[in-house]
Amino acid sequence: VKAQYQGIRDLCGIAISDNEIQSILEGLDCVIKNSEQGHFTAFVPPYRVDVQRQADLAEEVLRIYGYDRVPLSHT
8 VKAQYQGIRD LCGIAISDNE IQSILEGLDC VIKNSEQGHF TAFVPPYRVD
58 VQRQADLAEE VLRIYGYDRV PLSHT
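Here the sequence shown stands for residues 8 to 82, numbered as in our numbering.
Calculated directly from the structure, the hints in this document are not laboratory data. It is possible that part of the hints are untrue.
List time: in silico SDA-like cross-link candidates among lysine to any residue, alpha-carbon distance up to 20 Å [as the list claims (entries may be wrong)]:
#1 9 x 53
#2 40 x 59
#3 9 x 27
#4 40 x 61
#5 9 x 60
#6 9 x 55
#7 40 x 30
#8 9 x 62
#9 9 x 39
#10 9 x 59
#11 9 x 41
#12 40 x 24
#13 40 x 8
All of these numbers come straight from a predicted model, not from anything done at the bench.
Take these sequences, add in the hints, and give me the full structure.
In structure tokens form, the structure reads like this:
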């Protein structure tokens, strides 16, 4: 899955470092390659058929990071 660290942050709505994103994904057995200039490729384990796009990676990051840690916006 090709992705951008900033794209994951934007989808999650949180300020999370590139290293933390990478650490979370690696903890889910993803292999991160070609990490340069804010872009990376995540090789997802074959049993994770539900993770196919950047939005799916963001969802996994957010799940592990903790939904309760995301500030709510009051409009």
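Original post:
Are the Cα atoms of residue 40 and residue 8 separated by 20 Å or less?
Top reply: Holds: residue 40 and residue 8 sit about 10 Å apart, inside 20 Å.
Subject >> Given pair status - residue 60, residue 9, alpha carbons within 20 Å >> reply: 8 Å, holds
Subject >> Restraint check for residue 9 with residue 27, where alpha carbons must lie at most 20 Å apart >> reply: Cα-Cα ~17 Å, so holds.
Original post:
Are residue 40 and residue 59 close enough, with their CA atoms no more than 20 Å apart?
Top reply: 16 Å, holds
Original post:
Does the structure keep residue 9 and residue 55 at a Cα separation of 20 Å or less?
Top reply: This hinted pair holds, its Cα atoms lying about 16 Å apart.
Original post:
CA of residue 9 to CA of residue 53, is that 20 Å or under?
Top reply: Since the Cα atoms of residue 9 and residue 53 sit roughly 16 Å apart, the hinted pair holds (cutoff 20 Å).
Original post:
Straight-line Cα separation of residue 9 and residue 59 no greater than 20 Å?
Top reply: Holds - the C-alpha atoms of residue 59 and residue 9 are around 9 Å apart, at most 20 Å.
Original post:
Within 20 Å, alpha carbon to alpha carbon, are residue 9 and residue 62?
Top reply: Within the cut-off at roughly 11 Å; holds.
Original post:
Are the Cα positions of residue 40 and residue 30 separated by 20 Å at most?
Top reply: 13 Å, holds
Original post:
Regarding the pair residue 40 and residue 24, is the alpha-carbon distance no greater than 20 Å?
Top reply: 17 Å, holds
**OP:** Could you grab the alpha-carbon distance between residue 9 and residue 39 and see if it respects the 20 Å cut-off?
**Re:** 10 Å, holds
**OP:** Would you check the hint for residue 40 and residue 61, treating anything up to 20 Å between C-alpha atoms as holding?
**Re:** 15 Å, holds
Consistency with the previously given hints is maintained throughout, with no hint failing.
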